[in-house]
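K.L.:
Sequence:
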Amino acid sequence: MKLKFNSFIYVSLFLLFVCRAGISQTENKNDLLLHPVNIMTLTMENSVKIKTAKHKLESAQFNFKLFESEYTKFTPLKMFSELQGDNNNEYESETSVGIQKEFFDGSSVAATVGNSNLWGQGPGTENKQFIKTEVQFPLFSSNRKLNRIIKRTFEENELFSAQLDYVNTVRNTIRNALEEYYDYVPRAKTLHRLKVLKNDLIKLKNCEQLKDKDLERQQIEGEINSLTSKIQGWEIEVQSLLINMKRWIGIVNFEDYSVKSIDLDFEEDEYFGEYYILAPFDDIFQKSVQNDTELKVLELIKKNAIEKKRLAQKGKWDIFLSLEGQYNYRDKINNVDHAPYYQTGVGLEVKRFDRSVLHNTIQKADADIKYIQNKMEDRKIEMASGITQKKSTLLIKKEQVLSSRKSLDSWQKIHDIKKENLKKGTESVDNYIQSFRSLRNTMEESLHHENKYMDAIRDFEYICGVYFQYVDIEAYKEM
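Residue numbers (numbering that gives the first Met the number 0): 0 to 478.
Misleading hints may appear alongside valid ones.
Here are the computed distance ranges between Cβ atoms for each label pair [unchecked claim]: (1) 50 <-> 318: 26 to 36 Å; (2) 282 <-> 160: 28 to 38 Å; (3) 76 <-> 326: 40 to 50 Å; (4) 351 <-> 324: 28 to 38 Å; (5) 45 <-> 207: 53 to 63 Å; (6) 318 <-> 362: 18 to 28 Å; (7) 363 <-> 447: 50 to 60 Å; (8) 50 <-> 71: 42 to 52 Å; (9) 427 <-> 406: 18 to 28 Å.
Hints were generated in silico from the structure; no laboratory data involved.
Treat the numbers as computed from the prediction; the structure is a model and nothing was measured.
Note that CB positions come from ideal geometry on N, CA and C, so glycine has one too.
All chains, please: the whole structure from these sequences, using the hints.
P.N.:
Quick look at the structure:
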């Protein structure tokens, strides 16, 4: 009984290992299968162009943070030492150590511990040890913050430019990789079917019915040679597309990957491209606006321009309030200890600035806001017109695919009949070859229409920003 139980355990563990290995192999195969979504993520991870644009963006981000850090720095050690004396030989000294944190709007907070002494030929001596806290912040408005924002304009423009460049690099690089893929799929089908047709010709040439018909066999051999040359041309084109796809994706070991084909079956539920054909224009447009990272970056730029305008409108005054609290935990006067006590203080600093400078700042902010709004509107118009155009194009391409398939079916039937008649000796080889060429040309034309249909899908994905549903570029986070 114990032996059977142990055997059961071993068998169970073996089956578990096999299942896990099978799942792991399936996951690895899926990872190595190139299809639109996988191409998007792989390109994002591997493309040198995208990495270069990302490093440029990171450089601009750090440059922006470097500028701000000058006004938002934390000082972990701040020492102060002072000695004063007068002609009566009376002296006073103070030494303190503390920390300080500054903020971009001019606010600051500091905490120190210190010691002060008073001695000399005067009436007495005093030694004081204390803890001190100082806080300063703006009331109502801060011209100081406005001035700092204006000073960082160069760094800000450099950052925004790098953000938009990064977004466009991601979008264009993924589009180029997908363009190679959508061109490769129908061309690889064409190559495969041409090879099938060649094999059919070889079988026909070597069939029993034609073994004694040298003239027919020679003509079929000539057609085979012509088809071989055509196949070689297609092999070069397909290989070139694979190489270009590898270049855009940035894959090193391309041999490890296989390319998933796309079967266009318009009878299936959710066939390839169905959403773009059937979905209402408004749904596609709203989805495009939500996905469009360029609009998100422009919205961030607009938000910063609005903030500049708001500060400029209130920036004629610079009103800062300072609060100070000090706890003297030891106070010794003439060698006599006194009870600890508190000291507090309040200060108000008020400045009024030249209105002409603020007026120019407001005018510039208004111009920036209008420029960005127009740019955003132009982007939306571009998207809307692109969706309208591609939606009608896609529908036409679908009809062309269906029409060419019907023509292909007809020529396939004609070809099969003439082939059988050729074997029977009731059809001339010239008529058969003519039907074969018509079948081949119609097949190539049908797959060419599939290629154009996929090109329209590629353009739709580009316009609608579908890529950003699958990749997170993080280029539009608030600064």
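K.L.:
Taking the hints in turn, state whether each one holds.
P.N.:
Going through the hints against the structure:
no.	hint	result
1	50 <-> 318: 26 to 36 Å	violated (48 Å)
2	282 <-> 160: 28 to 38 Å	holds (33 Å)
3	76 <-> 326: 40 to 50 Å	violated (21 Å)
4	351 <-> 324: 28 to 38 Å	holds (29 Å)
5	45 <-> 207: 53 to 63 Å	holds (54 Å)
6	318 <-> 362: 18 to 28 Å	holds (24 Å)
7	363 <-> 447: 50 to 60 Å	holds (54 Å)
8	50 <-> 71: 42 to 52 Å	violated (30 Å)
9	427 <-> 406: 18 to 28 Å	holds (23 Å)
Hint violations for this structure: numbers 1, 3, 8, all remaining hints satisfied.
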